[in-house]
Amino acid sequence: MPTIEASFGDLERLVGVKLPKEAGKLDDLLYYVKGQVESFEGEMLKVEIKDGNRPDLWNVEGIARCLRLAIGVEGGLRSYAIEDSSKIKVLVDSRLEKIRPYIACSILKNVKLDDDVIRGLMHLQDKLDQTYGRNRRRASIGLYNFDLIEPPLRYTVARPTEVSFVPLDAAEEMTLEEILRKHPKGLQYGGIIGKHRYLPILMDKKNRVLSFPPIINSNDLGKITENVENVLVEVTGTIFQNLLNTLTIVSLSLADRGGQIYSVEVDYPYGKEKRVITPKIESKLMVLRPSYVNEVLGLNLKTETVAELLKKAGYGIAGSRRDEITVIVPCSRIDIMHSVDIVEDVAIMFGYNSIKPEWPRLATVGSVSEREVFSNLVREVMVGLGFQEVLCFSMSTPQILFDMMNLERSPVIEVSNPRTLTYTCLRNWLMPSLMEFLGHNTHMEYPQKVFEVGECVVFDEKNETKSQEIRKLACLIVHSNSNFSEIKATLDSLFLNLGIEYRLEETDHRSFIDGRVAKVLIGNREAGIVGEIDPAVIQEWKLRNPIAGFEINLDILLQKAKF
Amino acid sequence: MVELHSLEVKILQALKSERRLSIDDLEEKTKISIDSISRASLWLASKNLVSIEEREERYVRLGSEGERFLETGLPERALVGFILKAEGKTSYDQLTRLSGFKNEEIDIAIGWAKKKGWLRVFKERGKTVLESKKPFEVGSDERVLELLSGGPVLLRNLSPALLEGLNLLKRRPDVIVSSRKIERFVTLTDKGLGAVEKIRAPVKEVSQLTPELIQSGDWRVVKLRKYDLTAPVLRIWPGKKQPYRRFLDVLKERLVSLGFKEMEGPLVELMFLNCDALFMPQDHPAREIHDIYFVKAPLHGDLSAYGQIVKKVKAAHENGWKTGSSGWGYEFSVLEASRLILRSQGTALSVRTLISKDLDIPGKYFSIARCYRPDVVDKSHLTEFNQVEGIILGKELTFRNLLGVLEKFAVEIAEADKVVFRPDYFPFTEPSVELSAYKEGYGWVEFGGAGIFRPEVTLPLGISVPVIAWGLGVDRLFMMKAEIDDIRTLFTQDLEWLRKKRIV
Chain A
1 MPTIEASFGD
11 LERLVGVKLP
21 KEAGKLDDLL
31 YYVKGQVESF
41 EGEMLKVEIK
51 DGNRPDLWNV
61 EGIARCLRLA
71 IGVEGGLRSY
81 AIEDSSKIKV
91 LVDSRLEKIR
101 PYIACSILKN
111 VKLDDDVIRG
121 LMHLQDKLDQ
131 TYGRNRRRAS
141 IGLYNFDLIE
151 PPLRYTVARP
161 TEVSFVPLDA
171 AEEMTLEEIL
181 RKHPKGLQYG
191 GIIGKHRYLP
201 ILMDKKNRVL
211 SFPPIINSND
221 LGKITENVEN
231 VLVEVTGTIF
241 QNLLNTLTIV
251 SLSLADRGGQ
261 IYSVEVDYPY
271 GKEKRVITPK
281 IESKLMVLRP
291 SYVNEVLGLN
301 LKTETVAELL
311 KKAGYGIAGS
321 RRDEITVIVP
331 CSRIDIMHSV
341 DIVEDVAIMF
351 GYNSIKPEWP
361 RLATVGSVSE
371 REVFSNLVRE
381 VMVGLGFQEV
391 LCFSMSTPQI
401 LFDMMNLERS
411 PVIEVSNPRT
421 LTYTCLRNWL
431 MPSLMEFLGH
441 NTHMEYPQKV
451 FEVGECVVFD
461 EKNETKSQEI
471 RKLACLIVHS
481 NSNFSEIKAT
491 LDSLFLNLGI
501 EYRLEETDHR
511 SFIDGRVAKV
521 LIGNREAGIV
531 GEIDPAVIQE
541 WKLRNPIAGF
551 EINLDILLQK
561 AKF
Chain B
1 MVELHSLEVK
11 ILQALKSERR
21 LSIDDLEEKT
31 KISIDSISRA
41 SLWLASKNLV
51 SIEEREERYV
61 RLGSEGERFL
71 ETGLPERALV
81 GFILKAEGKT
91 SYDQLTRLSG
101 FKNEEIDIAI
111 GWAKKKGWLR
121 VFKERGKTVL
131 ESKKPFEVGS
141 DERVLELLSG
151 GPVLLRNLSP
161 ALLEGLNLLK
171 RRPDVIVSSR
181 KIERFVTLTD
191 KGLGAVEKIR
201 APVKEVSQLT
211 PELIQSGDWR
221 VVKLRKYDLT
231 APVLRIWPGK
241 KQPYRRFLDV
251 LKERLVSLGF
261 KEMEGPLVEL
271 MFLNCDALFM
281 PQDHPAREIH
291 DIYFVKAPLH
301 GDLSAYGQIV
311 KKVKAAHENG
321 WKTGSSGWGY
331 EFSVLEASRL
341 ILRSQGTALS
351 VRTLISKDLD
361 IPGKYFSIAR
371 CYRPDVVDKS
381 HLTEFNQVEG
391 IILGKELTFR
401 NLLGVLEKFA
411 VEIAEADKVV
421 FRPDYFPFTE
431 PSVELSAYKE
441 GYGWVEFGGA
451 GIFRPEVTLP
461 LGISVPVIAW
471 GLGVDRLFMM
481 KAEIDDIRTL
491 FTQDLEWLRK
501 KRIV
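Top line first, the protein sequences correspond to chains A and B.
The opening position of the first sequence corresponds to residue 1 in my numbering, with each subsequent residue numbered one higher.
The opening position of the second sequence corresponds to residue 1 in my numbering, with each subsequent residue numbered one higher.
If you are wondering where the hints come from, they were derived from the structure by calculation, not from laboratory data.
The structure presented is a predicted model; accordingly, all values stated were derived computationally and were not measured.
One should not assume that every hint holds.
Said to hold, decoys possible - Using C-beta positions, here's what the derived DEER-type ranges look like:
no.	chain 1	residue 1	chain 2	residue 2	range
1	B	P298	A	E273	40 to 48 Å
2	B	P298	A	R181	29 to 37 Å
3	A	K25	B	P298	51 to 59 Å
4	A	E445	B	Q215	52 to 60 Å
5	A	K274	B	P298	39 to 47 Å
6	B	D417	A	N497	54 to 62 Å
7	B	P298	A	Q559	49 to 57 Å
8	A	E445	B	K198	44 to 52 Å
9	B	P298	A	D114	49 to 57 Å
10	A	M444	B	E3	43 to 51 Å
11	A	G351	B	D417	19 to 27 Å
12	B	D417	A	A23	47 to 55 Å
13	A	M444	B	S33	55 to 63 Å
14	A	N497	B	L234	21 to 29 Å
Here a beta-carbon is modelled for each residue, glycine too, at the ideal position from N, C-alpha and C.
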C-alpha cells in the first residue's frame, strides 16, 4: 500500500480549489482515491493509497486528477493526446530478446519542473519500479534530459567490461561489471540481468550511455533538475503491456505538469510488431449495461444517472441507449480489466455511505465443525481437571522439536525463507512448545499444570499438499512430586469423560524416562504417548522439577468417541 | 444467655443425669477441687441454677478391734467353731488349754455366745461344760463388720436389721467408731436443667472441626474458635481457558448464531488455492519471498485433483478466458501454481469451499484460520496470526448485502456505535469495501474488509452466483478489550498473566 508524499499547497494548486486541512475532512475527500491521511506536518502531507493496482494514483498529479473530477472542478474524460511524432527512433538489438526484450519511450516537452515535482517524480518512479514493475524485473523506468541526447537511440548490448560511464550521482566512471559488483543498485538489481554474457545498454547516436537498464542511469544524461525542459521517458522490461502501462502513467504525470507528449518509434527485430509507436495513450471502449450495474450493486439507477456517475469518475460516454452505455476508459486507468471494475467506480461516486446496507435474507444454518466441537469438549475436560490452557506458536525449529527433547532429527515441514532463526518450520508435536512455556515460568508458583490443543503437521505423500495436519492435545504437570501415577490418573479421567476405552503399552521414547513411558492405544491404533520426562530433557530446558505429561492425537479419538 | 464460667458449666453438666450430687461425688465426677466446686456451686446457687443443702451425716467405721475381728471373726464364732470340732461338747478346762484363746477372751466369748443362744453352759460332775449343737447363721453384727470392711458407711444407709447388728457391735470396745460430717448436696433446679440444655460452653477450644469431633459427638462440648476474616489464604489457580482462545470461541458462537458454517483446511497449502485461483498474478508482490513462506521440501504439491479448474484459471490469468476480462496478459506457469506454501490468507479456505462438492447455495461460511507471513515478531507484528474470514453466496446477493453483512458484524461482534464504509482494494474482489467502526471510548478502528469475488475468480471455479468475501480484524478487537498493546500477548508465555487475567 503505497504512501504518497506531497506538499499540501501543490495538491491544492493541481486540484484548483481550496482544500480542507482537518484530517477528517481531508479523509472524506481522499475517499475518492481510496486514500487516507497518514500524517500531515506543516506543508508535508502523506497519503496512504490502498489500491495496489492503481499506479495512476501513486503521485500527487494522479490524486489531484481524481479529486478534480470528484469535486466537480471538471467532469468527464480528460483526454490526453500525443502532440506529434518526435521523429525519434529507438533501434533494438536482437540479442536483447533473451535478456530484456522490450522498451517503450515517450518525450515530454515544455515540462515545468521544480523540487516538489521532481521529488514526486522520483517517488513515482520508485513505486512503479518496486510494485508494478516487480522490483524492476518486469519493468523499470529511466528519465533523461532530452536536450542532451542525440538520436537515434540504440537499445543494445555490451560486454561487462566493454563499456563504462559515470553512474547517476557518482564521481567517476565505472564499467558495467564494476557497477554490478560494487554499486548499491548493481548489487540490488544485478540478479535480473547479471547472469547473461551481454548486458543491456541504452545509448545515443554518439555512443554516449544513457543508462544500464534496469540498474542505473548515467549522471550526464540521466539527471533531472529544475532547468530540464524536455524529458525523455524510457521503460524497459519483460512484459510489453506492463511497460506500456508504466510509460503511460509517467507520461501523463508529466503532461499534468504542462508537458506535451511526443511519440517515439521503436524498431524490433523480433516479435509480432516490428514497428511500435509509443506511448499508447488511446482510450479504450467498453460496453456497460446499467442493468448489470444495478444487479451488482442492488440499486435502481436510471441510465442517465449511471452516465453522470461515470463522468464524475473520469470516464467518457461515447453513446448511451436504454440498457447500454459505451464507456470511454481513460488511458490512465490501466487497472480496468472487466466491467465490474467500472461498476466499482459507479458505486464510489454514488457514495458507499449513501447505499442502504441490507442483511442478506438467506436461510442458512450455522455450525461449528465436528472437529471443533470435539476439541472444545476435550478442552472443557482439561480445564475441569485444573489445567491452564496455553496457546503457542505452531512455528518452531528442529532444535526445539528434536535436539532439546533428546530426539534424533527427522523431517519436518521447513520453510525455505525464514525471516528469523526462531521460526523455521511447523511443529510436528506439541510437547516442546509446552516445555518452552514452562521454561519461561520457573519463578511462578508450583504446581503448574498446562495444556494445549493445537495443530501439528507431518509429511504425507498421499495428500495433494504432501502433508497432513493432526490435531493434538498435550499436557504437562510440574511440581516436586510429579509422577506417572498422577498423569495416568489424569489420562484415565479424560478418557472416562470422553467415553473412550484405551490401554497402555510399554514403549521407548527418548524424551521420557526409560521404563516410565507408555504408548496410548485405542483399539489397535497408536493414539499417543504418556510418561515422565527424562531429567536430561528437563535440564535442557533449565527446569528443576519432575515433569509428567501426555500427548494425544485427537483426530483418532474423534473417530472413536461415542457421542 | 448468661455467660457461665467453665467451672459452673462442668458442674451443671455433671448434675445433668442424677440432678443431685454431694460435693464429694461432684469432686470425683468432675475432678475439680472441693474448694472450686464449693465456690462455683455458690455462684450457680445465686443464679438459681442449683440449690445447695447441708446435712449432717453420721458415719460409722471400724475401730482397731473391729479391724481385728475382720481378720479373726467374732470371738464367739471362733468359740463355737472349737466346740463343734470337739463334737459339740467341751469342758472349760479343755477350752482354756486347747483353744488357743486367751482367758479374758474366752469369758467374753462365752458371754456373747450365751446371749446369742449359741451354747449351753452347765455343770457336769463338778466341771463346767459347754455344748453347742450347730453352726449358727451369720448374725447381723457380723454382716455389719463385712460391710464396714469397705470403709466408712453412712449411718442412714443401714437397714434396721443392720442397725441392730451395729448396736451389738457398739457394746464391744473399739469395734465401732462413729463420726459426723457436714455433707453438702447440690441439686439442679429446673432453671438449671434448662441452662444445661443450652450449654455450648467451652470446655476446649479448637480451630478446626474434624470427622472425629463430629462422629464422637464431642462437637457439642468443644468451642470452635472464631475465624479471622482478615487472615491471608492460599491463592487458587483454577483450570482456565486461554483468554484469546476464549474470545475466539465466543466469536465462533456469534458467527454460528448468524447462520455461518465453519470451513476447515490445511496449513500447508497449494499456491494455486492460496493465490492463483484468487486471480493474484504470479508475479504479484504479495506472492514473493517477503510475503509468503515457501516450503523447503518438497517444493511442489499435486494439482491433479483440480485438473479442469487449473486450465480455466490459467486462461483467466492469461487472457480473461470467458469471464469478459482482459486478464493479466502474462504466461501462467502451472508448475509455479503447484508450489507448496504456508497458507498466507484465510481466503484459501473459501476457494476450497467453493470447489467442494458439499457447497451449499445459498450458503454462509466462516473460518478462523491460522495464517503465516514472513515477518519479525515484535510489539505490532506476528509471523503467524489468525484471520477471521468467510464467504456468503446466493443467487441475488448484491453490494447492499455486502454492506449489510459488514454492518451486522460491526454491531454484533465489535459492538460498534457507528460504522463508515470506504473503498478498498483486494486482487480478488471488486467492488471492495473497508469498514471502520466507532465505539464509545475507543474511537475509530478499522474493523474489516469485504468485496464481491471477481468473475475471474468465480467462473473458473464453476460458480455463477455472486460470492461475497469478508474478513474481520478481530485481533485488534481482542487487544482493545483485554487492554493489551503488544500483539505477542495473544500467544503469551507468561503464566502469571494467564493466571491473573480476568475473564474478558
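So, going through the hints one by one against the coordinates:
1. Remark: the range hint 40 to 48 Å for B:P298 to A:E273 is upheld by a beta-carbon distance near 42 Å.
2. Between B:P298 and A:R181 the CB atoms are about 35 Å apart, so this pair conforms to the stated range of 29 to 37 Å.
3. Distance hint for A:K25 and B:P298: a CB-CB separation of about 55 Å, consistent with the stated range 51 to 59 Å.
4. For A:E445 and B:Q215, the hinted distance range of 52 to 60 Å is not satisfied, since their beta carbons lie about 36 Å from each other.
5. Against the hinted window of 39 to 47 Å, the Cβ-Cβ separation of A:K274 and B:P298 comes to about 44 Å, which satisfies the hint.
6. Taking the beta carbon of each, B:D417 and A:N497 are about 43 Å apart, not inside 54 to 62 Å as hinted.
7. Between B:P298 and A:Q559 the beta carbon distance is about 28 Å. The supplied range of 49 to 57 Å is therefore violated.
8. At roughly 47 Å, the beta carbons of A:E445 and B:K198 sit within the given window of 44 to 52 Å.
9. At roughly 56 Å, the beta-carbon separation of B:P298 and A:D114 lies within the given 49 to 57 Å, and the hint holds.
10. Distance hint check: the CB atoms of A:M444 and B:E3 are about 50 Å apart, consistent with the given range 43 to 51 Å.
11. The beta-carbon spacing between A:G351 and B:D417, approximately 21 Å, falls within the hinted interval of 19 to 27 Å.
12. Taking the beta carbon of each, B:D417 and A:A23 are about 20 Å apart, not inside 47 to 55 Å as hinted.
13. The hinted range of 55 to 63 Å is satisfied by A:M444 and B:S33, whose Cβ atoms lie roughly 59 Å apart.
14. Between A:N497 and B:L234, the C-beta spacing of about 27 Å keeps the proposed range 21 to 29 Å intact.
Checked against the numbered hints given earlier, this structure breaks hints 4, 6, 7 and 12; the rest are met.
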